[in-house]
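**Student:** Each chain, letter by letter, is given below.
There are 2 protein chains.
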Amino acid sequence: MSPKITGELLRLLRQAMRNCKYFSEPIHAYIVPSGDAHQSEYIAPCDCRREFICGFNGSAGTAIITEQHAAMWTDGRYFLQASQQMDNNWALMKMGLKETPSQEDWLINVLPENSKVGVDPWIIAADQWKNMSKALTSAGHSLVAVQDNLIDVVWTDRPDRPSTQLHTLGLEYTGISWQDKITMLRGKMTERKISWFVATALDEIAWLFNLRGADINYNPVFFAYAIVGMNSIRLFVDLKRLSDTVVRDHLQLDSPRRPELSVQTFPYESVYTELQAICAALGPKDKVWICDKASCALMQVVPKAHRTPIPYTPLCLSKAVKNATEIKGMKMAHIKDAVALCELFAWLEKEDVLNEFLSVFLSSQQKDFVGLSFPTISSVGPNGAIIHYRPLPETNRTLTVNEVYLIDSGAQYIDGTTDVTRTVHFGTPSAFEKECFTYVLKGHIAVSAAIFPNGTKGHLLDSFARAALWESGLDYLHGTGHGVGCFLNVHEGPCGISYKTFADEPLEAGMIVSDEPGYYEDGSFGIRIENVVLVVPAKPKYNYRNRGSLTFEPLTLVPIQVKMMNTELLTQKEKDWVNEYHRRCREVVGAELERQGRMEALQWLVRETQPVV
Amino acid sequence: MSPKITGELLRLLRQAMRNCKYFSEPIHAYIVPSGDAHQSEYIAPCDCRREFICGFNGSAGTAIITEQHAAMWTDGRYFLQASQQMDNNWALMKMGLKETPSQEDWLINVLPENSKVGVDPWIIAADQWKNMSKALTSAGHSLVAVQDNLIDVVWTDRPDRPSTQLHTLGLEYTGISWQDKITMLRGKMTERKISWFVATALDEIAWLFNLRGADINYNPVFFAYAIVGMNSIRLFVDLKRLSDTVVRDHLQLDSPRRPELSVQTFPYESVYTELQAICAALGPKDKVWICDKASCALMQVVPKAHRTPIPYTPLCLSKAVKNATEIKGMKMAHIKDAVALCELFAWLEKEDVLNEFLSVFLSSQQKDFVGLSFPTISSVGPNGAIIHYRPLPETNRTLTVNEVYLIDSGAQYIDGTTDVTRTVHFGTPSAFEKECFTYVLKGHIAVSAAIFPNGTKGHLLDSFARAALWESGLDYLHGTGHGVGCFLNVHEGPCGISYKTFADEPLEAGMIVSDEPGYYEDGSFGIRIENVVLVVPAKPKYNYRNRGSLTFEPLTLVPIQVKMMNTELLTQKEKDWVNEYHRRCREVVGAELERQGRMEALQWLVRETQPVV
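Residue numbers (the UniProt record's numbering), protein chains in the order written: chain A, 1 to 613; chain B, 1 to 613.
Only chain A is shown next, with the shape it has when bound in the complex (with noise of 0.2 Å):
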């Protein structure tokens, strides 16, 4: 992986930053966030604006450019790859080490008194502008918004925005229509007295209609936005993408049956003006909800005696907890997950070369199958300590019998997201190898075998994921859980487990979340043990308060290897569960590859879930 050459780059955007034509006065900084409009995670080509800049194509990332500096902030995750993807002219900032300092505070340092600090305000999310302009306030100095954005002026070949067909999704995949989604959205505005609810993210809004787009790799969304007032929906899109019969139909915008929940449509970038025009029409006691992760842009519209800023919204929420027929889908698709999965392991044991089409190409010959959820980490030996690594031709290593081998993949069929990681050894693992994998193992079972009171957020169950691991002075620099949507992005709110968050809504049951405690020594190998898991309710054998309590089924169905455990350093309690969990694979998805005739993987998933003592 060799770096990307920047400098002329800079020259090219510290010009632009002098220049009056875009901003009254000189920038002294410019920060560019590496979302979008939506603030989504992952972004379509033509907003990889800060990949763009500094080279660094991690998921998360922000860069700064001031006069003499440029600096770039990621998370554990991405420590190596960032250094490697990133030339001289850039400083790494290790977010989560002690040393390292804010993107405030490193600014308040480096700058020139009363300086200005420019930002595209649709980029940044609403509450990031709030924090960033506090702290450099303070500090004398201020936060300003660029109307056109500094690296598209810089950016001569940037691609178009995409625009690609939308698909529609019936009752048998989503559960419940869209109409009725709008009725219990206003349920709950009516409940706390709002007028006007604004949806930015693309998650919510493709949910809310039960539309799918293809507008951004693995993620199955489309770029739009929508506003709901009691009596009116405004869908804003590329309108091309409403000619579809199917589409209009769905959405009956030719034959509306009430007009309450009658879809107004109007062109993507209207929705400003429109609300605009809303906010100018507000009564005194109107409120608006606007998710304070919507862009500054946006939420600066709403007069702030308006606006109900929430820092998540109600279909985020509603979205989490996931019905019965998605609860349905998404088993069926961890099972079709699990099939290829053991046709690739199988497959892996007879080939020595490693091929991430191939997976592709596995999952591809199930069902109702999309694409992928997110790019295919697949690594050998030191890249595994990548967290994040994704194999390139550059830095693609032979799959040998010495290394370990660490796989995470996930896809999207119609009826479910799924994401799943096993780490694994084709030939002998060293016994630290062994070790680190099971105090991984030790950590993914506590948090999946937790029994917990209704009521209880996520990051309470963190440090369960990581005991085992800070006994021997071990750990890893990451959460150990996000929510996975349903046919939807793989990383979803409000619900997670890490250590990092504390506004996480409690976990309730219907909920589905990743277990994926790790372990990475840097050059050498990686570990990590990923299930998806579903929130359900669990019977102990008291109740207290009659609060109720919850615990994890598994339903990611695939075997964990046995090779790299150390049974010695797992209790009884912990060999239960590991043979139970291959019981439940081999019940569950044995009798599918039988169905399917895929024998050579059914022998190799009987062989690998024989019971551990």
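None of these hints come from the bench; they were simulated from the model. Some clues are possibly wrong.
Here are a few chain A residues that face chain B, going by a calculated C-beta distance under 8 Å [what the hints assert, rightly or not]:
| hint | residue |
| --- | --- |
| 1 | K98 |
| 2 | I451 |
| 3 | P453 |
| 4 | G455 |
| 5 | L460 |
| 6 | F464 |
| 7 | D475 |
| 8 | Y499 |
| 9 | Y542 |
| 10 | N543 |
| 11 | Y544 |
Everything numeric in this text was worked out from a predicted model, so none of it was measured. Just so it is clear, CB atoms sit at the ideal spot from N, CA and C, and this is done for glycine as well.
Since chain A is already given, all that's left is putting chain B on it; use the hints.
**Tutor:** Relative to chain A, chain B alone:
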């Protein structure tokens, strides 16, 4: 326990709320927080306004009175006690339960439009004022500062503010002079470019000046404020207290050696005008450090542009990390406390009447005893389920061999502060009592034996204390641990172990916290196992990224009753922990019992520390 009759008091208070003598307009609601002007947890009798108006005398609670309603918010420790102490005029608002509205939401719900909500700005913390004011304003109401305290208006026989004798502490107890503490503080101020620091917390002022008082029961502090500049030190205190020559010499009032370390003294009440004078003379870049837990009244003296509010002060953090002298003192104090408790338990096995005074008497025989560090909780059977139960004549129960006995006691010695809870049975505990006790013990051990990376915040350890209870559907409605001062407040910040906070400071070697999980079966029994533990470096097998690891060393050395354990539920590791802990109790406390010739207690100790198999 019969509730306080409050009808007439509420009538008088509501009269005062309507009286424009106290505020220019009638007030629709009046908030009575439980603190004093220093946001102390324990308060002097003259500050017990919330208790005066509603009858509930627990350490935490806020009363709000409107024209029609009177409601009091408190947490899980006090649900039973509050319901017994308050009459029917009061609604008990159980904090932490999902159905309980916040104070803000409740007010917004019950108040007519455009209401005025009053509060004494001296006894509401600045951050609470800010949150409350914001919530009320957004709902069309306003929070107003009522200068005269309206409870004082109706409290005709309110006691005077105490002004007890000040005691000086030498280097043999503090390890560092107050002059060096001032210099350290100024170092931190220089680092952050701060010109002035306002100290309002009583324990921080006592710690800073190496002085102690007895103005508040259990907390060896005195009413004072301090303002520290780079060249001046102002101490605000009842000047009569400074006539003692020992105190004058300690503070070098008559012969300051260096001008920047000379203490100027002012009357306690003049802090407001003096801070106003300082603020009037501030340069444009001068910043004032003031804790956002300081009173709203004082915070508002500092112009916004000059305020640097902080969640806790540098004194709070310095004080939390004990130096070698303090750690030695704390260890000594806990040995003395253990001696007293061994004697008490040996005695109780023979006697059948519970006697709180016996416990005080036994502690008081130990060297350097000053008093209790909080009211002893000594409860039998169902009283144990009242988490902060104090024995009162009406509810006193005779000690029997049929019920669980819980004692939570602590003392102030000149060299340290203690806090220990033991739960014992003098007859035969039921299987359920033993089961619950064992889960609590497993939680206690899980925290005490935990190894975790440097930089870990205490809240990340909270779930370890609950896992065994959760697994059986049980839980407890309080945090797991609090910081403990050294001959100071038994509860102190900024560290602790609780699911409730995310803003705690990372644990570091030298910090001292309690480890006290529990289980409370309403109407039947209460269980809690509490040790005070010191954060110490740990040396596990590996050292990931050279971060270093920490663990806890118990300072409390009192046997945990083996009779209450169901040893079948303990793992071998847990049994080893119990046996090693009991070996240390016997070794350290046994030697001291022998030295003091307390042979009956020694025999008891030896018997109670037989190894568990």
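**Student:** Please go over all the hints and tell whether each is borne out by the structure.
**Tutor:** Hint check:
Interface restraint check: A:K98 against chain B, minimum CB-CB distance 6 Å, threshold 8 Å, status holds. A least Cβ separation of about 5 Å between A:I451 and chain B falls short of the 8 Å threshold, and the interface hint therefore holds. With 8 Å as the threshold, the beta carbon of A:P453 comes within range of chain B, its nearest partner Cβ sitting at about 6 Å, so the hint holds. Because the smallest distance between the Cβ of A:G455 and any Cβ of chain B comes to about 6 Å, under 8 Å, the interface hint for this residue holds.
Annotation: interface hint on A:L460 holds; nearest CB of chain B at approximately 5 Å, less than 8 Å. The interface hint given for A:F464 holds, since its Cβ lies 7 Å from the closest Cβ of chain B, which is under the 8 Å cut-off. Checking A:D475 against chain B: minimum C-beta separation of about 5 Å stays under 8 Å; hint holds. Given the 8 Å rule on beta carbons, the hint for A:Y499 holds: about 6 Å separates it from the nearest Cβ of chain B.
Contact between A:Y542 and chain B, as hinted, is supported at the beta carbon level, the nearest pair being about 4 Å apart and thus within 8 Å. With a least beta-carbon distance of about 5 Å to chain B, the hint placing A:N543 at the interface is held under the 8 Å criterion. Checking A:Y544 against chain B: minimum C-beta separation of about 5 Å stays under 8 Å; hint holds.
Consistency with the previously given hints is maintained throughout, with no hint failing.
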